[in-house]
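Peer 1: Going line by line, the protein sequences match chains A and F. Residue 311 in the numbering used here sits at position 311 of the first sequence; the count goes up by one each step and never skips. Residue 158 in the numbering used here sits at position 158 of the second sequence; the count goes up by one each step and never skips.
It is possible that some hints are incorrect.
What the hints assert, rightly or not - Using 27 Å as the maximum straight-line C-alpha spacing, the simulated BS3-like pairs for lysine-lysine come out as follows:
(1) 234/A to 128/F
(2) 185/A to 119/A
(3) 234/A to 78/F
(4) 109/F to 234/A
(5) 65/F to 109/F
(6) 141/F to 234/A
(7) 368/A to 356/A
(8) 128/F to 141/F
(9) 73/F to 56/F
(10) 5/A to 126/F
(11) 73/F to 234/A
(12) 141/F to 126/F
(13) 234/A to 56/F
(14) 141/F to 5/A
(15) 192/F to 211/F
(16) 78/F to 65/F
(17) 78/F to 145/A
(18) 21/F to 192/F
(19) 145/A to 65/F
(20) 56/F to 109/F
(21) 73/F to 145/A
(22) 145/A to 109/F
(23) 126/F to 234/A
(24) 185/A to 92/A
(25) 145/A to 56/F
(26) 78/F to 109/F
Claimed, not checked - Chain A is nowhere near these chain F residues, computed Cβ spacing over 12 Å in every case:
(27) 63
(28) 135
(29) 140
(30) 198
FYI, nobody ran anything at the bench for these hints, they're computed from the structure. From a predicted model like this one, the values you see are computed outputs, not experimental measurements. Every residue gets a Cβ at the ideal spot worked out from N, C-alpha and C, and that includes glycine.
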Amino acid sequence: MNFIKASIQRYQLGSLLLLVLLLAVVLPLSLDIFRLNLVGKYLTYAFVAVGLVMVWGYGGVLSLGQGVFFGIGGYAMAMFLKLEASDPVSTKIQTTPGIPDFMDWNQITELPTLWLPFKSLPLSLALVVLAPMALAWLISFAMFKRRVGGVYFAIITQAVALICTVLIIGQQGYTGGVNGMTDLKTMLGWDTRTDGAKYVLYYVCVGLLVASIVLCRWVQTSKLGTLLLAMRDKEDRVRFSGYDVSNFKVFIFCLAAALSGIGGAMFALQVGFMSPSFVGIVPSIEMVIFCAVGGRMSLVGAVYGALLVNAGKTLFSESFPDLWLFLMAGLFIGVTMAFPMGLAGLWEEKIRPWWKSRRQALRDAAVKRPAAAAPVVPTATPSEPTLPDGVGSQRA
Amino acid sequence: MSNTDFALAVEDLTVSFDGFKAIDDLTLYIDRNELRVIIGPNGAGKTTLLDLICGKTRASAGSIKFNNTELTKMAEHKRVRLGIGRKFQTPSIYENLSVFQNLEVSFPKGRSVFGALAFRCDDEVKNKVQAIAEDIGLADKLDTEAGLLSHGQKQWLEIGMLLMQEPELLMLDEPIAGMSARERELTAELLKRICQNRAVIVIEHDMAFVKQIAHKVTVMHQGKILAEGAMEKVQADPKVIDVYLGH
Numbered sequence: 001m002n003f004i005k006a007s008i009q010r011y012q013l014g015s016l017l018l019l020v021l022l023l024a025v026v027l028p029l030s031l032d033i034f035r036l037n038l039v040g041k042y043l044t045y046a047f048v049a050v051g052l053v054m055v056w057g058y059g060g061v062l063s064l065g066q067g068v069f070f071g072i073g074g075y076a077m078a079m080f081l082k083l084e085a086s087d088p089v090s091t092k093i094q095t096t097p098g099i100p101d102f103m104d105w106n107q108i109t110e111l112p113t114l115w116l117p118f119k120s121l122p123l124s125l126a127l128v129v130l131a132p133m134a135l136a137w138l139i140s141f142a143m144f145k146r147r148v149g150g151v152y153f154a155i156i157t158q159a160v161a162l163i164c165t166v167l168i169i170g171q172q173g174y175t176g177g178v179n180g181m182t183d184l185k186t187m188l189g190w191d192t193r194t195d196g197a198k199y200v201l202y203y204v205c206v207g208l209l210v211a212s213i214v215l216c217r218w219v220q221t222s223k224l225g226t227l228l229l230a231m232r233d234k235e236d237r238v239r240f241s242g243y244d245v246s247n248f249k250v251f252i253f254c255l256a257a258a259l260s261g262i263g264g265a266m267f268a269l270q271v272g273f274m275s276p277s278f279v280g281i282v283p284s285i286e287m288v289i290f291c292a293v294g295g296r297m298s299l300v301g302a303v304y305g306a307l308l309v310n311a312g313k314t315l316f317s318e319s320f321p322d323l324w325l326f327l328m329a330g331l332f333i334g335v336t337m338a339f340p341m342g343l344a345g346l347w348e349e350k351i352r353p354w355w356k357s358r359r360q361a362l363r364d365a366a367v368k369r370p371a372a373a374a375p376v377v378p379t380a381t382p383s384e385p386t387l388p389d390g391v392g393s394q395r396a
Numbered sequence: 001m002s003n004t005d006f007a008l009a010v011e012d013l014t015v016s017f018d019g020f021k022a023i024d025d026l027t028l029y030i031d032r033n034e035l036r037v038i039i040g041p042n043g044a045g046k047t048t049l050l051d052l053i054c055g056k057t058r059a060s061a062g063s064i065k066f067n068n069t070e071l072t073k074m075a076e077h078k079r080v081r082l083g084i085g086r087k088f089q090t091p092s093i094y095e096n097l098s099v100f101q102n103l104e105v106s107f108p109k110g111r112s113v114f115g116a117l118a119f120r121c122d123d124e125v126k127n128k129v130q131a132i133a134e135d136i137g138l139a140d141k142l143d144t145e146a147g148l149l150s151h152g153q154k155q156w157l158e159i160g161m162l163l164m165q166e167p168e169l170l171m172l173d174e175p176i177a178g179m180s181a182r183e184r185e186l187t188a189e190l191l192k193r194i195c196q197n198r199a200v201i202v203i204e205h206d207m208a209f210v211k212q213i214a215h216k217v218t219v220m221h222q223g224k225i226l227a228e229g230a231m232e233k234v235q236a237d238p239k240v241i242d243v244y245l246g247h
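Work the whole structure out from these sequences, hints included.
Peer 2: So this is what it looks like as structure tokens:
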């Protein structure tokens with residue numbers, strides 16, 4: 001029992017359980033499938049936000065190009081689905097049946113070599129994780145070994161995001177161009193557009209997200225997590241304690257990229273298309289905002305950040321489409337100025353202490369009242385000794 | 001360069017920044033079990049010398065050998081793994097971590113990415129942390145956040161972090177800067193204890209402190225060695241009096 005309690009505290013499972021309860025029970029029961037599918041879409045961004053907690057919050061490396069990895073994961077999934085949707089029967093009116101429609105429009109008559117791995121589902125799923133990691137490794141290895149960091153790294157990741165968008169849009173015949181990949185229908189014959197499939201995909205998404213959070217929490221509590229915090233504080237001291245600092249940064253960057261890739265794949269599955277508008281600079285910065293609003297040191301907070309900002313986006317952009325970007329910018333600046341640790345920081349530093357002191361005050365009052373009723377020795381009012389955290393709740 | 005019996009052999013070392021030679025053709029040998037103090041006026045190149053040995057700065061020419069292994073082309077973390085520890089001038093500790101974590105992170109195991117993921121803080125680590133914490137007088141502060149320590153305690157903590165790695169060569173840049181008289185005494189005792197079985201290089205300005213701890217003193221001036229030997233001999237040297245002690 002004590003062991004369970006200790007590990008709940010160590011891995012902060014309490015807040016995670018609350019999140020699971022919300023995502024797996026409360027939301028599915030209270031929302032219709034259309035809204036739930038929207039939540040599922042927001043949750044795919046939460047994968048990126050969780051990755052950003054690791055790389056930005058813990059690693060101290062701000063990446064403004066996470067959309068790239070989200071996109072690669074998404075495209076890897078979408079390419080598989082697109083190939084399945086482009087079987088020779090349903091594409092028989094094309095000049096070349098059996099290839100995706102946009103290829104046919106662009107006078108491509110044969111499936112490009114790049115597309116061949118996406119005929120197989122296991123290979124596609126592997127590439128959802130491995131392809132973003134490979135690119136992340138390439139970028140981060142080149143940068144961190146040369147000790148490029150801070151603003152310079154952020155600018156380079158932004159440039160990568162821009163390059164990727166230009167590349168995707170420019171290579172229409174291979175990528176579907178600005179429209180992206182549309183009309184994704186089935187996965188191994190299973191129709192992903194039905195309500196039932198949407199429920200299943202939603203739960204898969206929640207499951208993967210929770211697993212990702214647990215994985216990240218495990219990394220945080222390992223020595224590597226401590227080292228990341230140490231590096232953020234005094235990088236030279238870590239280096240001169242015998243660590244190859246760049247390797248740790250490369251690792252955490254690749255981890256974040258892999259998570260983003262999974263998010264992208266879940267996006268393609270749940271939303272039914274993938275386009276370059278989720279790859280470029282603007283979506284990448286939006287993802288940083290989700291993380292900042294939720295709290296860049298809190299994995300669970302990042303999920304709430306992604307949910308709230310996206311819900312706000314849907315709500316406001318329906319009524320005031322022109323104002324939304326200004327509101328978003330205002331939110332980002334406001335949050336970083338007023339509470340730099342985001343909603344999670346607000347909770348930890350303000351709401352919880354306030355709640356605790358309130359409970360303490362109530363308990364004190366409850367103790368004092370019977371003491372006051374006995375007027376014989378009024379000075380001997382027993383004062384409640386202050387208890388360590390956790391003990392108080394057992395007595396209450 | 002020939003091999004030697006010294007722990008550290010610096011030969012014909014030169015480094016120039018845009019033509020200015022911060023270290024100029026310097027040769028220096030440090031024995032095992034020796035505590036060497038380097039003194040000299042500001043800008044003499046003392047800190048630069050330590051930077052060159054630990055790899056923070058790259059040498060323009062010359063050789064640095066540690067136990068007969070050439071260091072000049074080696075990456076910083078590899079030099080540390082050979083057994084070279086360096087304390088920086090301003091206390092360089094992880095302010096947001098506890099004293100225990102500061103020492104734990106410095107334990108020389110789990111230094112690779114996957115090693116760090118698999119690292120477990122077992123009894124060996126805990127005992128080592130406890131022993132070092134007692135040595136540096138912070139045994140009752142293990143759970144304190146390091147940023148809350150006094151300046152002197154931060155200096156000790158950084159020395160402790162180096163001791164966790166059992167270095168064969170320990171380089172301390174102004175270890176008593178900002179310390180009270182009592183703290184200085186304790187530090188002198190600490191240094192005398194820790195120079196067993198290892199070579200120690202200390203940069204220091206405080207002459208009373210130098211006299212207390214030094215086996216041998218090297219005086220640097222404009223990137224070169226001006227004098228070397230026992231404290232009394234160096235203090236009596238007219239050249240030294242002229243550039244440094246006389247002022």
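Peer 1: Each hint needs a verdict: does it hold in this structure or not?
Peer 2: Taking the hints in turn, this is what the structure says about them:
For a cut-off of 27 Å, the pair hint linking residue 234/A to residue 128/F stands: about 23 Å separates their Cα positions. At roughly 15 Å between alpha-carbon atoms, residue 185/A and residue 119/A fall within 27 Å of each other, so this suggested pair holds. The suggested pairing of residue 234/A with residue 78/F holds, with an alpha-carbon distance near 18 Å, which does not exceed 27 Å. Only pairs whose Cα atoms come within 27 Å are accepted, and residue 109/F paired with residue 234/A is accepted, the gap being roughly 19 Å.
Our distance criterion of 27 Å between C-alpha atoms is met by residue 65/F and residue 109/F, whose separation comes to about 25 Å. Annotation: proposed proximity of residue 141/F to residue 234/A holds, straight-line Cα distance about 21 Å (limit 27 Å). With a C-alpha separation of about 18 Å, the suggested pair residue 368/A and residue 356/A falls inside the 27 Å cut-off, and the hint holds. For the hint linking residue 128/F to residue 141/F, the alpha-carbon distance of about 15 Å falls within 27 Å, and the restraint holds.
Between residue 73/F and residue 56/F the alpha-carbon distance is near 12 Å, which keeps this suggested pair within the 27 Å criterion. Among the hinted pairs, residue 5/A with residue 126/F is consistent with the structure: their alpha-carbon atoms are about 23 Å apart, no more than 27 Å. Of the pairs offered as hints, the one joining residue 73/F and residue 234/A holds, with about 24 Å between alpha carbons and a cut-off of 27 Å not exceeded. At most 27 Å may separate the alpha-carbon atoms for a hinted pair to count; residue 141/F and residue 126/F meet this at roughly 14 Å.
For the given pair, residue 234/A sits about 14 Å from residue 56/F by alpha-carbon distance, which is consistent with the 27 Å threshold. At roughly 26 Å between alpha-carbon atoms, residue 141/F and residue 5/A fall within 27 Å of each other, so this suggested pair holds. Annotation: proposed proximity of residue 192/F to residue 211/F holds, straight-line Cα distance about 12 Å (limit 27 Å). Under the criterion of a C-alpha separation no larger than 27 Å, the hint pairing residue 78/F with residue 65/F is consistent with the structure, at around 14 Å.
Distance check on the hinted pair: residue 78/F and residue 145/A sit about 15 Å apart at the alpha-carbon level, within 27 Å; holds. Taken as a hint, the residue 21/F and residue 192/F pair is broken in the structure, with Cα atoms around 34 Å apart against an allowance of 27 Å. Between residue 145/A and residue 65/F the CA atoms are separated by roughly 25 Å; this keeps the pair inside 27 Å, and the hint holds. Between residue 56/F and residue 109/F the CA atoms are separated by roughly 23 Å; this keeps the pair inside 27 Å, and the hint holds.
Between residue 73/F and residue 145/A the alpha-carbon distance is near 16 Å, which keeps this suggested pair within the 27 Å criterion. About 22 Å separates the Cα atoms of residue 145/A and residue 109/F, which keeps this hinted pair within 27 Å; it holds. Restraint check: the Cα-Cα separation between residue 126/F and residue 234/A comes to about 23 Å, which is no more than 27 Å; the hinted pair holds. The hinted pair formed by residue 185/A and residue 92/A meets the criterion: a straight-line CA distance of about 17 Å does not exceed 27 Å.
Restraint check for residue 145/A and residue 56/F: the C-alpha separation of about 15 Å stays at or below 27 Å, so the hint holds. Of the pairs offered as hints, the one joining residue 78/F and residue 109/F holds, with about 14 Å between alpha carbons and a cut-off of 27 Å not exceeded. For residue 63/F, the non-interface assignment is confirmed: its Cβ lies about 21 Å from the closest Cβ of chain A, beyond the 12 Å cut-off. At roughly 18 Å, the least C-beta separation between residue 135/F and chain A is larger than 12 Å, which holds for a residue marked as non-interface.
At roughly 18 Å from the closest C-beta of chain A, the C-beta of residue 140/F stays outside 12 Å, upholding its exclusion from the interface. Against chain A, the non-interface label of residue 198/F holds: every CB pair exceeds 12 Å, the least being about 16 Å.
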